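Visitor: The lines below spell out each chain.
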Amino acid sequence: MRSERAQARPTARRNRPSFLLAVTALLVVAVSFVPLGYVIAQSIDTGWDTASALLFRPRVLELLVNTVQLVVVTVPLCVIVGVVAAWLVERTRVFGAKIWAVLLAAPLAIPAFVNSYSWVTAIPSLGGLHGGVLIATLSYFPLVYIPVAATLRRLDPAVEESARALGLGPWAVFFRVVVPQLRLAISGGALLVSLHLLSEYGAFVFIRFDTFTTAIFEQYQSTFNGAAATMLAGVLVLFCLTLLVIESVVRGSARYARIGSGSARRMTPADLGWRYQPLALVFLAATIILSVGVPVASVLRWTVLGGRDVWKFDELASALGQTLGFGLAGAVVTCVLAFPIAWISIRHRGRFSRFLEGATYISSSLPGIVVALALVTVTIRYVHPLYQTVGVVIAAYCLLFLPRALVNLRVGLSQAPTGLEEAAQSLGISPLSAFFRVTLRLAAPATAAGGALVFLGIVNELTATLLLAPTGTRTLSMRFWSLSSEIDYAAAAPYALTMIVLSLPMTYLLFTQSKKVAGL
Amino acid sequence: MRKRFGRISGIALATAAVLAVAACSSSDSDKTTETSAAGAPESITVYNAQHESLTKEWADAFTKETGIKVEMRQGSDTELGNQLVAEGDKSPADVFLTENSPAMTLVENAGLFTDVKADTIAQVPSEYRPSSGKWTGIAARSTVFAYNKDMLTEDQLPKSLLDLQNPEWKDRWAASPSGADFQAIVSALLELKGEDATKAWLAGMKDNVRTYKGNGTVMKAVNAGEIPGGVIYHYYWFGDQAKTGENSKNVTLHYFKNEDPGAFVSVSGGGVLKSSSKQDAAQQFLKFVTGKSGQEVLQNGTSFEYTVGSDVPANAKLVPLADLQAPKIDPAKLNSPQVTQLMTEAGLL
Numbered sequence: 001m002r003s004e005r006a007q008a009r010p011t012a013r014r015n016r017p018s019f020l021l022a023v024t025a026l027l028v029v030a031v032s033f034v035p036l037g038y039v040i041a042q043s044i045d046t047g048w049d050t051a052s053a054l055l056f057r058p059r060v061l062e063l064l065v066n067t068v069q070l071v072v073v074t075v076p077l078c079v080i081v082g083v084v085a086a087w088l089v090e091r092t093r094v095f096g097a098k099i100w101a102v103l104l105a106a107p108l109a110i111p112a113f114v115n116s117y118s119w120v121t122a123i124p125s126l127g128g129l130h131g132g133v134l135i136a137t138l139s140y141f142p143l144v145y146i147p148v149a150a151t152l153r154r155l156d157p158a159v160e161e162s163a164r165a166l167g168l169g170p171w172a173v174f175f176r177v178v179v180p181q182l183r184l185a186i187s188g189g190a191l192l193v194s195l196h197l198l199s200e201y202g203a204f205v206f207i208r209f210d211t212f213t214t215a216i217f218e219q220y221q222s223t224f225n226g227a228a229a230t231m232l233a234g235v236l237v238l239f240c241l242t243l244l245v246i247e248s249v250v251r252g253s254a255r256y257a258r259i260g261s262g263s264a265r266r267m268t269p270a271d272l273g274w275r276y277q278p279l280a281l282v283f284l285a286a287t288i289i290l291s292v293g294v295p296v297a298s299v300l301r302w303t304v305l306g307g308r309d310v311w312k313f314d315e316l317a318s319a320l321g322q323t324l325g326f327g328l329a330g331a332v333v334t335c336v337l338a339f340p341i342a343w344i345s346i347r348h349r350g351r352f353s354r355f356l357e358g359a360t361y362i363s364s365s366l367p368g369i370v371v372a373l374a375l376v377t378v379t380i381r382y383v384h385p386l387y388q389t390v391g392v393v394i395a396a397y398c399l400l401f402l403p404r405a406l407v408n409l410r411v412g413l414s415q416a417p418t419g420l421e422e423a424a425q426s427l428g429i430s431p432l433s434a435f436f437r438v439t440l441r442l443a444a445p446a447t448a449a450g451g452a453l454v455f456l457g458i459v460n461e462l463t464a465t466l467l468l469a470p471t472g473t474r475t476l477s478m479r480f481w482s483l484s485s486e487i488d489y490a491a492a493a494p495y496a497l498t499m500i501v502l503s504l505p506m507t508y509l510l511f512t513q514s515k516k517v518a519g520l
Numbered sequence: 001m002r003k004r005f006g007r008i009s010g011i012a013l014a015t016a017a018v019l020a021v022a023a024c025s026s027s028d029s030d031k032t033t034e035t036s037a038a039g040a041p042e043s044i045t046v047y048n049a050q051h052e053s054l055t056k057e058w059a060d061a062f063t064k065e066t067g068i069k070v071e072m073r074q075g076s077d078t079e080l081g082n083q084l085v086a087e088g089d090k091s092p093a094d095v096f097l098t099e100n101s102p103a104m105t106l107v108e109n110a111g112l113f114t115d116v117k118a119d120t121i122a123q124v125p126s127e128y129r130p131s132s133g134k135w136t137g138i139a140a141r142s143t144v145f146a147y148n149k150d151m152l153t154e155d156q157l158p159k160s161l162l163d164l165q166n167p168e169w170k171d172r173w174a175a176s177p178s179g180a181d182f183q184a185i186v187s188a189l190l191e192l193k194g195e196d197a198t199k200a201w202l203a204g205m206k207d208n209v210r211t212y213k214g215n216g217t218v219m220k221a222v223n224a225g226e227i228p229g230g231v232i233y234h235y236y237w238f239g240d241q242a243k244t245g246e247n248s249k250n251v252t253l254h255y256f257k258n259e260d261p262g263a264f265v266s267v268s269g270g271g272v273l274k275s276s277s278k279q280d281a282a283q284q285f286l287k288f289v290t291g292k293s294g295q296e297v298l299q300n301g302t303s304f305e306y307t308v309g310s311d312v313p314a315n316a317k318l319v320p321l322a323d324l325q326a327p328k329i330d331p332a333k334l335n336s337p338q339v340t341q342l343m344t345e346a347g348l349l
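Same order as they appear, the protein sequences are chains A and B. Take 1 as the starting number for the first sequence in the working numbering and just add one per residue. Take 1 as the starting number for the second sequence in the working numbering and just add one per residue.
It should be emphasised that the hints constitute simulated quantities derived from the structure, not laboratory data. Here the structure is a predicted model, which means the values were calculated and not measured. Honestly, I wouldn't trust all of these hints.
Ranges of calculated distance between the beta carbons of each label pair, as one might list FRET restraints [to be verified]:
| id | chain 1 | residue 1 | chain 2 | residue 2 | range |
| --- | --- | --- | --- | --- | --- |
| 1 | A | ASP314 | B | LYS317 | 42 to 52 Å |
| 2 | B | LYS317 | A | VAL31 | 52 to 62 Å |
| 3 | B | HIS254 | A | GLY37 | 35 to 45 Å |
| 4 | B | ASN109 | A | ASP45 | 39 to 49 Å |
| 5 | B | SER293 | A | ASP309 | 48 to 58 Å |
Cross-link-like lysine-lysine pairs, in silico, DSS-like; alpha carbons within 27 Å at most [claimed, not checked]:
| id | chain 1 | residue 1 | chain 2 | residue 2 |
| --- | --- | --- | --- | --- |
| 6 | A | LYS312 | B | LYS243 |
| 7 | B | LYS56 | B | LYS90 |
| 8 | B | LYS257 | B | LYS274 |
| 9 | B | LYS56 | B | LYS317 |
| 10 | B | LYS278 | B | LYS257 |
| 11 | B | LYS90 | B | LYS274 |
| 12 | B | LYS64 | A | LYS312 |
| 13 | B | LYS56 | A | LYS312 |
| 14 | B | LYS274 | B | LYS206 |
| 15 | B | LYS206 | B | LYS159 |
| 16 | B | LYS328 | B | LYS292 |
| 17 | A | LYS312 | B | LYS90 |
Some residues of chain B that are not near chain A, with every Cβ distance over 10 Å (derived) [unchecked claim]:
| id | residue |
| --- | --- |
| 18 | GLU87 |
| 19 | LEU253 |
| 20 | GLU259 |
Backbone N, C-alpha and C fix where the C-beta goes; we use that ideal spot for every residue, glycine too.
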């Protein structure tokens with residue numbers, strides 16, 4: 001921890017960020033508050049009588065119970081699966097640890113709604129809370145696994161060795177020394193899982209599990225933009241904000257993770273012995289079969305069943321092109337807009353930077369459906385030229401995925417100390433080219449990872465794209481959704497397959513990059 | 001100072017690069033629409049709440065005949081209807097197509113439709129279009145009770161749609177209440193039996209029904225034996241039978257007939273927006289859809305919806321429309337906002 005401070009001090013300068021930088025960052029934050037502002041303004045507009053009639057009705061209670069149950073059951077399950085899996089591949093001599101390590105990140109390449117479609121076509125009766133928990137756990141446990149594995153890899157073995165030297169057994173070491181150090185990774189992962197649970201739409205529709213998000217979408221489809229939808233959105237927003245508060249309490253203010261590459265000594269992995277080795281293998285294999293095997297097999301089965309007819313190459317190509325376009329543009333714009341915020345938070349630490357980060361985090365915890373609902377209404381009423389344009393879709397992606405870019409950019413920038421840039425300048429290079437040749441280059445891998453993460457999010461996004469995309473847009477996820485809603489499962493399969501194939505390299509990049517992000 | 005300048009200009013440059021990329025990508029899409037506009041006489045925008053595959057068949061045939069391209073925005077009846085109302089006279093839409101009538105009435109009541117051309121009206125018999133002439137029927141669909149023959153015998157079937165509110169049907173029937181199809185059925189019930197009866201029926205439904213998303217999904221559940229029966233429209237069954245039959249092989253259709261609310265035949269609508277700057281092309285499209293070639297898409301295509309115009313008979317596999325003994329309802333009287341409100345109050349939405 002000392003080394004962190006020693007490293008951080010000289011780079012964290014007290015001077016204020018430049019005007020332009022601050023204004024850009026503030027602008028991004030201002031736009032990111034549009035959805036929240038919309039929900040509040042609409043709620044006030046609706047008036048108390050109508051609002052309370054819409055809020056305090058049995059249906060809302062039903063949705064509340066469903067959503068709470070889902071979060072309360074799924075999040076601990078994801079944590080257990082994620083932590084156990086991470087511990088096995090990082091800290092034990094489980095057979096094939098390196099392969100498992102990569103495979104366990106793979107479920108992220110399968111959109112949750114594709115996962116759900118696969119499961120529901122394999123087991124048609126799957127539904128309700130059980131189905132929701134199953135699908136959500138299988139889709140989202142990597143969000144815990146990845147940061148935990150990365151943290152485990154970087155933990156200082158000396159602490160555990162000391163504990164053992166002081167007489168603690170292996171279990172006691174794990175629970176009293178290792179787990180507390182994982183608190184940051186676990187609580188962060190758990191927060192991500194719960195926010196995903198709140199915003200997931202497609203996966204829960206397939207298995208007839210109603211949450212606030214599915215109900216808002218239904219209201220939207222029934223009234224386009226009625227008061228009932230906004231009230232439900234308001235409750236959902238409160239839900240998200242509550243989770244943010246809970247997470248910040250759980251996380252606490254202490255820092256556990258070691259930062260910097262000071263001690264890279266790898267922990268000696270534990271021997272599982274003949275008794276636990278098979279058990280561990282069964283656990284890992286089952287996790288992979290259920291989360292990757294079932295969806296891939298199911299998608300392939302439908303593809304084969306559909307035969308050659310389902311491959312409408314011109315439509316597939318156009319959907320792929322549009323998806324790539326949205327994904328790339330969204331990733332680039334998001335990374336660029338995240339840049340000023342990341343820059344301020346690394347180079348100008350202080351109240352202002354904390355405010356910026358907090359603000360973007362709050363607004364991006366809002367589910368896609370709420371962001372989309374807000375942007376549709378705002379553009380239709382106040383900035384009509386933007387209505388139904390690519391720009392609004394990209395803006396929505398930025399709002400939703402800004403933290404993904406932010407987290408990575410911060411790592412990248414913190415690894416590029418100002419000293420290097422200054423040194424380059426003192427050697428006679430212009431400031432501009434020093435920035436490009438030193439800082440930007442050093443930050444490039446992290447930026448790429450952030451971009452990849454945003455891209456992955458966009459490829460798998462459904463609700464905001466459905467609501468906001470310009471007329472004529474048919475992305476992979478939109479086509480998949482349309483065809484699978486007409487229960488034409490075979491015709492939907494090629495789109496599912498393409499989405500998975502497109503997401504795989506990004507997931508891998510994300511996995512490899514995660515090791516660098518851990519601890520910051 | 002110089003350092004700071006470097007940083008700023010770096011960021012500015014990066015931003016500019018991105019804006020350039022964004023501009024390129026948007027000008028790319030502009031270009032494609034431009035070239036399509038240059039290559040063909042025109043292109044129209046259809047807000048499409050009909051099944052995407054059906055309208056695509058219409059659009060492709062129409063483009064082939066006239067060279068006019070068709071852009072589709074996909075959504076549900078009431079979603080797009082309300083969206084048109086919200087957009088008002090700034091709407092980018094030229095034509096609106098629905099699966100059912102209530103959303104057409106919604107847009108008509110907002111004064112957004114222009115009159116349908118007389119030669120188009122002449123192609124559609126009066127029972128399949130509103131008396132106002134602000135829009136027209138383009139296809140039709142019949143309500144059915146789809147049931148699993150292993151779970152229900154013929155004498156156990158509901159005699160009337162109203163029976164489904166009774167306790168003996170608890171957890172024994174399914175529907176897709178969020179869909180415009182089902183909401184159209186409720187609007188027919190409202191028109192035929194009044195608000196009190198509809199409220200009571202919806203309350204009974206809330207107790208009894210198992211909800212699914214989409215009529216096809218309801219049929220799939222009935223087929224799989226998850227639930228004995230469900231209220232859907234007829235063509236899901238015919239469509240699946242024509243494909244693999246995998247989702248309908250255990251399903252039989254029961255037609256309520258006797259002018260029961262459950263025998264409701266829903267008219268799919270099409271109308272031209274007053275705000276459209278492409279009136280001529282838009283009217284041409286509507287004329288095409290209700291004309292012989294458009295109706296033959298219904299007769300010979302894969303949609304299995306009923307024909308309503310140009311004397312083109314329905315697909316031979318369907319029970320003839322005349323035999324369904326549907327209740328007589330002016331499609332212009334179906335009220336969607338009230339239905340959504342009643343269903344929201346009942347806890348179904």
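Visitor: Each hint: holds or not?
Guide: Here's how the hints hold up against the structure:
1. A:ASP314 <-> B:LYS317: 42 to 52 Å: For ASP314 (chain A) and LYS317 (chain B) the Cβ distance comes to about 30 Å; the hint is violated.
2. B:LYS317 <-> A:VAL31: 52 to 62 Å: With a Cβ separation near 54 Å, LYS317 (chain B) and VAL31 (chain A) satisfy 52 to 62 Å, so the hint holds.
3. B:HIS254 <-> A:GLY37: 35 to 45 Å: violated (51 Å)
4. B:ASN109 <-> A:ASP45: 39 to 49 Å: violated (23 Å)
5. B:SER293 <-> A:ASP309: 48 to 58 Å: violated (24 Å)
6. A:LYS312 <-> B:LYS243: Distance ~17 Å between LYS312 (chain A) and LYS243 (chain B) Cα, so the pair holds.
7. B:LYS56 <-> B:LYS90: Between LYS56 (chain B) and LYS90 (chain B) the Cα gap is close to 25 Å, so the pair holds against 27 Å.
8. B:LYS257 <-> B:LYS274: violated (38 Å)
9. B:LYS56 <-> B:LYS317: holds (22 Å)
10. B:LYS278 <-> B:LYS257: Outside the cut-off at roughly 42 Å; violated.
11. B:LYS90 <-> B:LYS274: holds (10 Å)
12. B:LYS64 <-> A:LYS312: Given pair LYS64 (chain B), LYS312 (chain A) holds - Cα atoms ~19 Å apart, limit 27 Å.
13. B:LYS56 <-> A:LYS312: holds (14 Å)
14. B:LYS274 <-> B:LYS206: violated (39 Å)
15. B:LYS206 <-> B:LYS159: At roughly 20 Å apart (the allowed maximum being 27 Å), LYS159 (chain B) and LYS206 (chain B) satisfy the hint.
16. B:LYS328 <-> B:LYS292: holds (26 Å)
17. A:LYS312 <-> B:LYS90: Violated, at roughly 35 Å.
18. GLU87: violated (6 Å)
19. LEU253: holds (17 Å)
20. GLU259: holds (27 Å)
Figure legend: structure checked against the earlier numbered hints; hints not met, in rising order: 1, 3, 4, 5, 8, 10, 14, 17 and 18.
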